[in-house]
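Respectively, the protein sequence lines represent chains A, B and C.
Number 380 marks the last residue of the first sequence (my numbering); no jumps.
Number 85 marks the last residue of the second sequence (my numbering); no jumps.
Number 211 marks the last residue of the third sequence (my numbering); no jumps.
If you're looking for bench data, these hints aren't it; they were derived computationally from the structure.
All values derive from a computational prediction rather than experimental measurement.
Please note that a few of the clues may not be correct.
What the hints assert, rightly or not - Per label pair, the in silico range of CB-to-CB distance:
hint: 1; chain 1: A; residue 1: Asn38; chain 2: C; residue 2: Glu143; range: 29 to 37 Å
hint: 2; chain 1: A; residue 1: Arg63; chain 2: B; residue 2: Lys58; range: 47 to 55 Å
hint: 3; chain 1: B; residue 1: Gly38; chain 2: A; residue 2: Pro33; range: 34 to 42 Å
hint: 4; chain 1: C; residue 1: Asn177; chain 2: A; residue 2: Gln113; range: 16 to 24 Å
hint: 5; chain 1: B; residue 1: Glu60; chain 2: C; residue 2: Ser31; range: 37 to 45 Å
hint: 6; chain 1: B; residue 1: Gly36; chain 2: C; residue 2: Ser31; range: 23 to 31 Å
hint: 7; chain 1: B; residue 1: Gly34; chain 2: C; residue 2: Asp160; range: 47 to 55 Å
hint: 8; chain 1: C; residue 1: Asn177; chain 2: A; residue 2: Gly225; range: 51 to 59 Å
hint: 9; chain 1: A; residue 1: Ala55; chain 2: B; residue 2: Glu60; range: 46 to 54 Å
hint: 10; chain 1: A; residue 1: Ser265; chain 2: C; residue 2: Asp160; range: 19 to 27 Å
hint: 11; chain 1: A; residue 1: Asn38; chain 2: B; residue 2: Gly56; range: 21 to 29 Å
hint: 12; chain 1: A; residue 1: Pro33; chain 2: C; residue 2: Ile187; range: 49 to 57 Å
Unchecked claim - Result set (DSS-like, lysine-lysine): computed pairs, CA atoms no more than 25 Å apart in a straight line:
hint: 13; chain 1: B; residue 1: Lys53; chain 2: C; residue 2: Lys96
hint: 14; chain 1: A; residue 1: Lys219; chain 2: A; residue 2: Lys380
hint: 15; chain 1: B; residue 1: Lys63; chain 2: A; residue 2: Lys202
hint: 16; chain 1: C; residue 1: Lys132; chain 2: A; residue 2: Lys260
hint: 17; chain 1: B; residue 1: Lys67; chain 2: B; residue 2: Lys9
hint: 18; chain 1: A; residue 1: Lys344; chain 2: B; residue 2: Lys63
hint: 19; chain 1: C; residue 1: Lys15; chain 2: C; residue 2: Lys46
hint: 20; chain 1: A; residue 1: Lys128; chain 2: C; residue 2: Lys96
hint: 21; chain 1: C; residue 1: Lys46; chain 2: B; residue 2: Lys9
hint: 22; chain 1: B; residue 1: Lys67; chain 2: C; residue 2: Lys49
hint: 23; chain 1: C; residue 1: Lys96; chain 2: C; residue 2: Lys132
hint: 24; chain 1: A; residue 1: Lys256; chain 2: C; residue 2: Lys132
hint: 25; chain 1: A; residue 1: Lys351; chain 2: A; residue 2: Lys32
Here a beta-carbon is modelled for each residue, glycine too, at the ideal position from N, C-alpha and C.
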Amino acid sequence: MVFFQSDNIITSLGFSTSENYTALISGDVGIKPINDPNFYPEPFPASLVNTNKLAEKFAEINRSGSFTRLEKMLILSIQDALIQANIDIKSERTAIILSTTKGNIDLLEPEKQNQFEKERVQLWQLGKVIRNYFNNPNQTIVLSNACISGVLALNIAATLISSSRYDHIVVTGGDIVSGFVVSGFMSFMSLSPKPCKPFDKKRDGLSLGEGAGTIVLSKDPLKAGSIAYIGGGSANDANHISGPSRTGEGSYLAVKKAMKEANVSAEEIDYISAHGTATDYNDEMESLAINRCGLTDVPVNSFKGNWGHTLGAAGLVETAVMLHEMQENTLIKSAGFNELGVSKPLNVITKNQSAELNTCLKMASGFGGSNAALIAKKIK
Amino acid sequence: MEELIEQLKVQIIEQLNLEDIEPDDIDPEDPLFGNGLGLDSIDALELIVLLEKEYGIKIENPKDGQKIFFSLKSMAEFITENQKN
Amino acid sequence: MQARIKTYCHIKDNKVYLNGQLHFESEGTLSIKDFLKAVYKHLNLKYTKFYKMDEISKLGFLASEVVLEHANNERFDESGIGVVLSNSQSTLVTDKVHQVSINDSANYYPSPSVFVYTLPNIMIGEISIKHKFRGENAFYIFEHFNTEFISDYINSLFTDQKINACLGGWVDQSAENYEAFVYWTEIDGKTENAPEHTEEQIKRLYEIILK
Numbered sequence: 001m002v003f004f005q006s007d008n009i010i011t012s013l014g015f016s017t018s019e020n021y022t023a024l025i026s027g028d029v030g031i032k033p034i035n036d037p038n039f040y041p042e043p044f045p046a047s048l049v050n051t052n053k054l055a056e057k058f059a060e061i062n063r064s065g066s067f068t069r070l071e072k073m074l075i076l077s078i079q080d081a082l083i084q085a086n087i088d089i090k091s092e093r094t095a096i097i098l099s100t101t102k103g104n105i106d107l108l109e110p111e112k113q114n115q116f117e118k119e120r121v122q123l124w125q126l127g128k129v130i131r132n133y134f135n136n137p138n139q140t141i142v143l144s145n146a147c148i149s150g151v152l153a154l155n156i157a158a159t160l161i162s163s164s165r166y167d168h169i170v171v172t173g174g175d176i177v178s179g180f181v182v183s184g185f186m187s188f189m190s191l192s193p194k195p196c197k198p199f200d201k202k203r204d205g206l207s208l209g210e211g212a213g214t215i216v217l218s219k220d221p222l223k224a225g226s227i228a229y230i231g232g233g234s235a236n237d238a239n240h241i242s243g244p245s246r247t248g249e250g251s252y253l254a255v256k257k258a259m260k261e262a263n264v265s266a267e268e269i270d271y272i273s274a275h276g277t278a279t280d281y282n283d284e285m286e287s288l289a290i291n292r293c294g295l296t297d298v299p300v301n302s303f304k305g306n307w308g309h310t311l312g313a314a315g316l317v318e319t320a321v322m323l324h325e326m327q328e329n330t331l332i333k334s335a336g337f338n339e340l341g342v343s344k345p346l347n348v349i350t351k352n353q354s355a356e357l358n359t360c361l362k363m364a365s366g367f368g369g370s371n372a373a374l375i376a377k378k379i380k
Numbered sequence: 001m002e003e004l005i006e007q008l009k010v011q012i013i014e015q016l017n018l019e020d021i022e023p024d025d026i027d028p029e030d031p032l033f034g035n036g037l038g039l040d041s042i043d044a045l046e047l048i049v050l051l052e053k054e055y056g057i058k059i060e061n062p063k064d065g066q067k068i069f070f071s072l073k074s075m076a077e078f079i080t081e082n083q084k085n
Numbered sequence: 001m002q003a004r005i006k007t008y009c010h011i012k013d014n015k016v017y018l019n020g021q022l023h024f025e026s027e028g029t030l031s032i033k034d035f036l037k038a039v040y041k042h043l044n045l046k047y048t049k050f051y052k053m054d055e056i057s058k059l060g061f062l063a064s065e066v067v068l069e070h071a072n073n074e075r076f077d078e079s080g081i082g083v084v085l086s087n088s089q090s091t092l093v094t095d096k097v098h099q100v101s102i103n104d105s106a107n108y109y110p111s112p113s114v115f116v117y118t119l120p121n122i123m124i125g126e127i128s129i130k131h132k133f134r135g136e137n138a139f140y141i142f143e144h145f146n147t148e149f150i151s152d153y154i155n156s157l158f159t160d161q162k163i164n165a166c167l168g169g170w171v172d173q174s175a176e177n178y179e180a181f182v183y184w185t186e187i188d189g190k191t192e193n194a195p196e197h198t199e200e201q202i203k204r205l206y207e208i209i210l211k
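Model the full assembly from the supplied sequences, consistent with the hints where possible.
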């Protein structure tokens, strides 16, 4: 069996899972207006990690060496997750999987080009920096699969542990808000002028966010009553490289595959942490997929209304919150949601509430027609 | 208008990488989308960039594109009406 | 239950190889763009979406086309066909094109059709769209082709019965160079003579075509 041992979340809402969890319970929104021509010529809203606090926190742990913004976030995130876990990061039986869409892409900016060696923009080099920092003996497995990278990385880690390739895997992921990414999403006209409103009738696009997340998976539980990873799947829409499927086909297949591997029925699923980007097409597509899986009545939310779409971190930070909702038996209100605006009924969580959470589903979808899902379960 | 339409044909073929299509293959009255050109949602966004880059016209709402980019003719008419002198 | 490599394709240095044999060669040395167009014409593909792709997606797409022409993939349920690819440069060549489009505030025109290709798994999307593959996907980045990991991972997917067949390989492009090695692997009792899907065999086949 594969167990979730520990986790960390770094976003605009805090530097640990507990800080972020408390902020989410309070309904905090970290998406703020940004007016910085380095990102975009006009103001836009985004969720940014506090730069001063990042420097402060990093100074506490770093002895030497210079690191990029993303590297600092990832190192801090891994460090915090390792403190809570019971694994040896220096063991050959421990691997690191890094989930990112664009890594140190800001190093392509003209004014940053000479700050680091030119390989530093390469994703494998980012993997090497992380591995060297923690003295892990294995080559970092870098996964770059658009917005499903985080969930897919957890699926891959579980596959590698259950096939006994490794005993423990540190799954980490992150992306920063950069001029590169903001301009790209702007050219897609997919950014909302306000903090995004997943599944809402008035939703009008997504909000970008930055962050890092880490989840330690292991063949050993940390303690009795741990949460286990019990199934996952990924599937391609085979329809369009940027537009989600109009039938939810890939997302539906990914969830079905996860349910099959987990051997759970629709009735057993207590909660869904959706991708919920708040674009017209994504949320509509997810509502179709959820409906087709027979999960219409299951409570569902998205955290993108709180901290935006954190790209390569999204699947990790959102799964980490899901695990804590399970531990606390608490469902968190879906930020930005007032009135359902998708064609199929959904049970969107409108206020924090207690609920027995035993078996929960995480969904993700992204560019390239990619979809992934995983299921976690409390082991009694 | 004729001249603008001819210019748009060349620009669209170039911008949308329609390598196997010649300017004469595109009828100004034919729908740009949903026919033999095989254009999709990314092409619609790319046409919005083209309008801004080549003609200085900004479209704020992508949904406006449906009408403007119906055909080469409608696109040329829109440019003529909105171009600043 | 051993997966075997049924067919494979290399593309590099203006040449296309099928199962280690020269399949197509351009006349003279062409730019990557012109060479890939020549391959497209040679394969007689009528697929206008090809021209919309960036060069690295074209490279992966064409290598897959050559492989799939001989893979007999119709026998498999599409939701059980995986695509697992890797490279070292991610999409850095296209990333730089997008970065240049935003460097000058007086000439600031980011292009959606460039930006969408700044994700390496878009190549997987293009292959999946053409062939309706709906199985497991993953795009990995390693400094060098990590045959040990790719074989381990794909074999684990077979063991867990998440796939019945898979496209695997390495598709890389830098400013100076390009190379693709894409193979089709499946579990099928009738192909005992095909190489086993192991680290050693993947490495051997990848290295069959050297400079």
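Just to be sure I understand the hint, the distance between the Cβ atoms of A:Pro33 and C:Ile187 should be within 49 to 57 Å; is that true here? Between A:Pro33 and C:Ile187, where Cβ atoms are some 55 Å apart, the hint holds.
Between the alpha carbons of B:Lys67 and B:Lys9, is the straight-line distance 25 Å or under? holds, 18 Å
Holds or violated: A:Lys351 with A:Lys32, Cα cutoff 25 Å? holds, 23 Å
Take a look at whether the Cβ-Cβ distance between B:Gly36 and C:Ser31 falls inside 23 to 31 Å. holds, 28 Å
Is it true that the CA of A:Lys256 sits at most 25 Å from the CA of C:Lys132?
-> holds, 18 Å
CB of B:Gly38 to CB of A:Pro33, is that within 34 to 42 Å?
holds, 40 Å
Checklist line | Distance restraint between C:Lys132 and A:Lys260, which requires alpha-carbon spacing of 25 Å or less | finding: Status holds; Cα separation ~22 Å.
Checklist entry - Could one say that the CB atoms of A:Asn38 and B:Gly56 fall in the range 21 to 29 Å? => result holds, 25 Å
(request) Sort out whether C:Lys46 lies within 25 Å of C:Lys15, counting only the CA atoms. (result) holds, 21 Å
Hint says 51 to 59 Å; check whether the CB-CB distance for C:Asn177 and A:Gly225 agrees. holds, 54 Å
Check: Do the Cβ positions of B:Gly34 and C:Asp160 conform to the proposed distance bound of 47 to 55 Å?
Finding: The hint (47 to 55 Å, Cβ to Cβ) is violated, given that B:Gly34 and C:Asp160 are roughly 42 Å apart.
Beta-carbon spacing of B:Glu60 to C:Ser31 - inside the hinted bounds 37 to 45 Å or not: The hint (37 to 45 Å, Cβ to Cβ) holds, given that B:Glu60 and C:Ser31 are roughly 38 Å apart.
Hint compliance for this structure: hints 7, 9 and 23 are broken, all remaining hints hold.
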